Amino acid sequence: MKIHVRYFASLREALGPQETIDVPPGSTLGQLRDQLLARGGRHAEALARGRALRCALNQTMADEDTPVPEGAEVAFFPPVTGG
Amino acid sequence: MPARVSIQTADFDLSAEVAALRAGDGGVGAVVSFIGTVRDRNGGMAGEVSALELEHYPGMTEKAIEAMVDQAFARFQIRGARVVHRVGPLQPLDQIVLVAVSSPHRGQAFQACEFLMDYLKTQAPFWKKETTPEGARWVDARVADDEAAARWGLPTGNT
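Taken in order, these protein sequences are the chains called A and B. Per the working numbering, residue 345 is the first one in the first sequence, and the count goes up by one each step. Per the working numbering, residue 102 is the first one in the second sequence, and the count goes up by one each step.
Okay, chain B solo, but in the shape it has when bound:
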């Protein structure tokens, strides 16, 4: 069985990941995927962010995401799930994160994909540091992400 979770510096390929996720599974009728990308701005001018560094907690990060995938399987009728998150130095326009879910019908796949992203945003130990003309700064957590996690009854208090 292919890995469900990968934390890597390398880029990923959506088509290859989706093909692997549903390979040989005739019970899959829907695949929903989400890709997060690096913006060149964060509440300011276009181009203000010139680089982004992603730090994580090796060991805990993998464990936290495996646990969230387990929860997605328990909560939704899904047949497969795949999470890839990049770490290390990234540039604007780069891909950061992929969440892909397969299921018999679209409803459960859409929900599980959103659940996984809301969980990841508030529970997985990653930290972003962005470089701007004023220097490097750690990105603040967003209250909206905590609110999104609360919809699923997930622990809040990240902000």
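One chain only, chain A, in its complex shape:
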């Protein structure tokens, strides 16, 4: 299934603002991250386990065990620093 992935801040600088990826139906946010990590290169570096990252599903903060529905908008970004 197709998923729209968006990146912000340092991740946007490393990977670009967005991309569309194909993941197996029933994938969770964590599995989606693993699939991106498996590409190696810049993705492996920017999304590395151990780096503090947060993710959102359809513009709401979500845990990595959350299942991703078809056509969803997923975002990865560093910890937030507004205010």
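Rather than coming from a laboratory, the hints here were simulated on the basis of the structure. Each hint should be verified, as a subset may be incorrect.
[Claimed, not checked] Here are the simulated distance ranges between beta carbons:
#1 A:Q375 x B:G125: 50 to 60 Å
#2 A:P413 x B:G258: 19 to 29 Å
#3 B:R207 x A:Q375: 44 to 54 Å
#4 B:A147 x A:P368: 33 to 43 Å
#5 B:M146 x A:E417: 39 to 49 Å
#6 B:G160 x A:D366: 19 to 29 Å
#7 A:P368 x B:T260: 43 to 53 Å
#8 B:A104 x A:Q375: 35 to 45 Å
#9 A:P369 x B:T138: 41 to 51 Å
#10 B:R176 x A:I365: 33 to 43 Å
#11 B:G127 x A:P369: 25 to 35 Å
#12 A:N402 x B:G145: 38 to 48 Å
#13 B:D195 x A:D366: 39 to 49 Å
[Unchecked claim] Computed cross-link-like contacts, DSBU-like style, restricted to lysine-lysine with a CA-CA straight-line distance of at most 35 Å:
#14 B:K230 x A:K346
#15 A:K346 x B:K164
#16 B:K230 x B:K164
As the structure is a computational prediction, the values presented were derived from the model and not from experiment. Idealized CB from N, CA, C, for every residue including glycine.
Mind docking chain B on chain A? Use the hints.
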């Protein structure tokens, strides 16, 4: 009814915002406001930060702050709330964020204002990048902000 949340590049005026917040409401006995401003330093020398860029996630940012205002209304006896957050290029001394809350009495207004800022610091998708003599760098999240959010039972894990 005036907007509760604005994400904008333009500056804001505290007096005008407070006047709009309490306009025509005779039940308001207290207004508490907080303004966050750009510092010219971040753990180093005065003047080391020459510029600040604020990035956000259009759509999600507004949604996250609307949700936090809803929570403030549910948790505290408040009559109005207003959040303005600037994005884009800023300079030291510029205003970044305004949170203002109106209520019948001061206690609830003080608490709701602090709640809203603690929430915003850890849950609203904004990112700061500062320019220093060594180049530009993304600002790190602070553990103290996570601890402040935890006091309200808010989700942590931002750091």
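Now for the hints, and whether the structure bears them out:
| no. | hint | result |
| --- | --- | --- |
| 1 | A:Q375 x B:G125: 50 to 60 Å | holds (53 Å) |
| 2 | A:P413 x B:G258: 19 to 29 Å | holds (23 Å) |
| 3 | B:R207 x A:Q375: 44 to 54 Å | holds (49 Å) |
| 4 | B:A147 x A:P368: 33 to 43 Å | violated (54 Å) |
| 5 | B:M146 x A:E417: 39 to 49 Å | holds (42 Å) |
| 6 | B:G160 x A:D366: 19 to 29 Å | holds (24 Å) |
| 7 | A:P368 x B:T260: 43 to 53 Å | violated (32 Å) |
| 8 | B:A104 x A:Q375: 35 to 45 Å | holds (39 Å) |
| 9 | A:P369 x B:T138: 41 to 51 Å | holds (48 Å) |
| 10 | B:R176 x A:I365: 33 to 43 Å | holds (39 Å) |
| 11 | B:G127 x A:P369: 25 to 35 Å | violated (57 Å) |
| 12 | A:N402 x B:G145: 38 to 48 Å | holds (39 Å) |
| 13 | B:D195 x A:D366: 39 to 49 Å | holds (43 Å) |
| 14 | B:K230 x A:K346 | holds (32 Å) |
| 15 | A:K346 x B:K164 | holds (24 Å) |
| 16 | B:K230 x B:K164 | holds (23 Å) |
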